[in-house]
Amino acid sequence: DFQMTQSPSSLSASVGARVSITCRASQSISSYLNWYQQKPGKAPKLLIYAASSLQSGVPSRFSGSGSGTDFTLTITSLQPEDFAAYYCQQTYSTPWTFGQGTQVEIK
Amino acid sequence: QVQLVQSGAEVKKPGASVRISCKASGYTFTSYYVHWVRQAPGQGLEWMGIINPSGGSASVAQKFQGRVTMTRDTSTSTVYMELSSLRSEDTAVYYCARVGGGYNSFDYWGQGTLVTVSS
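Quick mapping for you: the protein sequence lines, in order, are chains A and B.
Its first residue numbered 5, the first sequence is counted upward by one per residue in the numbering used here.
Its first residue numbered 36, the second sequence is counted upward by one per residue in the numbering used here.
There's no promise every hint is true.
Label pairs and their calculated CB-CB ranges [said to hold, decoys possible]:
1. B/K48 / A/T76: 44 to 54 angstroms
2. A/E109 / B/T65: 40 to 50 angstroms
3. B/E124 / A/L15: 27 to 37 angstroms
4. A/S69 / B/K98: 44 to 54 angstroms
5. B/L149 / A/S14: 41 to 51 angstroms
6. A/S64 / B/S123: 39 to 49 angstroms
7. B/Q36 / A/K43: 17 to 27 angstroms
8. A/K111 / B/S89: 46 to 56 angstroms
No lab work stands behind these hints, which were simulated from the structure alone.
Since the model is a prediction, treat every value here as computed from it, not as a measurement.
Built from N, CA and C at the ideal position, the CB exists for glycine as well.
Go ahead and model the full structure; you've got the sequences and the hints to work with.
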């Protein structure tokens, strides 16, 4: 199985800050890397697919980069509604594994 | 608009089975694969398996093989996931999700179904 490791597991940041979350795959997954946002009590929401493509309707302050084994989700100018959990997911090979998540909290 | 609407919360005893439904609307049901993902309380997301609503073929994660059955009913645009031999560790929110984004991403999700396993 492809293991996905996210870091950090949590972070505190202020509104307006720039935040980056990394995701590392145990083997190369090309660009088959997606990012989701999840708020408490809600289903995950797709933010980024194919490592760097912004899902329709997602604000442009979200961006993704990387390929192979190392990926980054960046949020420029953090907004109050961005405080949530973020998960990476590889869809290169089944089982389609998720990272353990990163909780973004208000500082 | 695309919607995936899941069945309601369930409380089951250890050893029992549970069947969760996921009714699709707003798109051609047979054109998009559906996955099942679960999330234990306070934990991350765990992929369980995938079903092709067109032919009905399914693939289940090794961890759940022998306990999970995925089926679909094209007449009602509904997919089902049945989990048997329930144990306390199966207490979780179960989600269905459509593969409709690029690179196999999950673009629409159901609202989730809480399954509580308790004696």
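Evaluation of the provided hints:
no., hint, in the structure
1, B/K48 / A/T76: 44 to 54 angstroms, "holds (45 angstroms)"
2, A/E109 / B/T65: 40 to 50 angstroms, "holds (42 angstroms)"
3, B/E124 / A/L15: 27 to 37 angstroms, "holds (29 angstroms)"
4, A/S69 / B/K98: 44 to 54 angstroms, "violated (31 angstroms)"
5, B/L149 / A/S14: 41 to 51 angstroms, "violated (24 angstroms)"
6, A/S64 / B/S123: 39 to 49 angstroms, "holds (44 angstroms)"
7, B/Q36 / A/K43: 17 to 27 angstroms, "holds (20 angstroms)"
8, A/K111 / B/S89: 46 to 56 angstroms, "holds (48 angstroms)"
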